[in-house]
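The sequence shown begins at 135 in the working numbering and counts up by one.
Heads up, some of the hints might be wrong.
Said to hold, decoys possible - In silico lysine-lysine, DSS-like type, Cα no more than 27 Å apart, as pairs:
no.: 1; residue 1: K136; residue 2: K201
no.: 2; residue 1: K136; residue 2: K200
no.: 3; residue 1: K136; residue 2: K249
Said to hold, decoys possible - Ranges between beta-carbon positions, derived for each pair:
no.: 4; residue 1: T230; residue 2: K136; range: 40 to 50 Å
no.: 5; residue 1: A157; residue 2: F224; range: 14 to 24 Å
no.: 6; residue 1: I154; residue 2: H227; range: 31 to 41 Å
no.: 7; residue 1: G147; residue 2: P235; range: 31 to 41 Å
Read the hints as simulated data drawn from the structure, not as lab findings. Every residue, glycine too, gets a C-beta built ideally from N, C-alpha and C.
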Amino acid sequence: MKIRINWDALGIGASLACAIHCALLPLFMTSLPLFGVNIIHNIYFEAGMIFLAFCIGTGSLYHGYKKHHHSLVPLFIFSIGFSLLVLKQFFLHVETWLLIPAVILIIYGHLLNYKSCRVHNHAHADDCNH
Numbered sequence: 135m136k137i138r139i140n141w142d143a144l145g146i147g148a149s150l151a152c153a154i155h156c157a158l159l160p161l162f163m164t165s166l167p168l169f170g171v172n173i174i175h176n177i178y179f180e181a182g183m184i185f186l187a188f189c190i191g192t193g194s195l196y197h198g199y200k201k202h203h204h205s206l207v208p209l210f211i212f213s214i215g216f217s218l219l220v221l222k223q224f225f226l227h228v229e230t231w232l233l234i235p236a237v238i239l240i241i242y243g244h245l246l247n248y249k250s251c252r253v254h255n256h257a258h259a260d261d262c263n264h
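Model the full assembly from the supplied sequences, consistent with the hints where possible.
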C-alpha cells in the first residue's frame, strides 16, 4: 500500500508552526537562556525553519503546478510571502510587520495550490509529460 503525503497540508502545518514559534515562543520560553538554551533569535534555528519552509513549499507547489493545475498564481503568492520571510531576517526593526504578511501569503499560496489541485485533478497541457 502506497503512502501519499499531502504536501500542501504539510506546508500549511510548517507555516503555522513557524508562526507559533515566532509569536508564542518568546512569551512562554523567556527563561531558556537561564539554562543555556538560546532558541529565540538563534540564527541557525531561524535559517533551518526558513529552509524547511522553502523545501516543503517549493516541492508542494511544483508538484501541483506540474501534475495538476499548470497555474503560476500559487507559486507567485508563495514567492512573495517567502521573500518577506527572508527579508525579516535582515530588517529586525520591522520583523513583525514582515512576518505577519509572509505567513499569510505562504499559507494562502498553499491553500490556492491545494484547491487548484482538487479542481483540476490531472489537467493535461501540451508540456505535460505524464
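(message) Check whether the Cα positions of K136 and K200 lie no farther apart than 27 Å.
(response) holds, 21 Å
(message) Check the hint pairing K136 with K249 against an upper bound of 27 Å on the C-alpha distance.
(response) Holds, at roughly 23 Å.
(request) Given the hint that K136 pairs with K201, test it: the Cα-Cα distance must not exceed 27 Å. (result) Holds - the C-alpha atoms of K201 and K136 are around 18 Å apart, at most 27 Å.
(request) May I ask you to test the hint 40 to 50 Å on the CB atoms belonging to T230 and K136? (result) holds, 42 Å
(message) Between the beta carbons of A157 and F224, is the distance compatible with 14 to 24 Å?
(response) For A157 and F224 the Cβ distance comes to about 20 Å; the hint holds.
(message) Does the beta carbon distance between I154 and H227 stay inside 31 to 41 Å, or does it fall outside?
(response) violated, 23 Å
(request) Note whether the CB distance of G147 and P235 lies within 31 to 41 Å or breaks it. (result) With a Cβ separation near 19 Å, G147 and P235 fall outside 31 to 41 Å, so the hint is violated.
Comparing the model with each numbered hint stated earlier shows that hints 6 and 7 do not hold.
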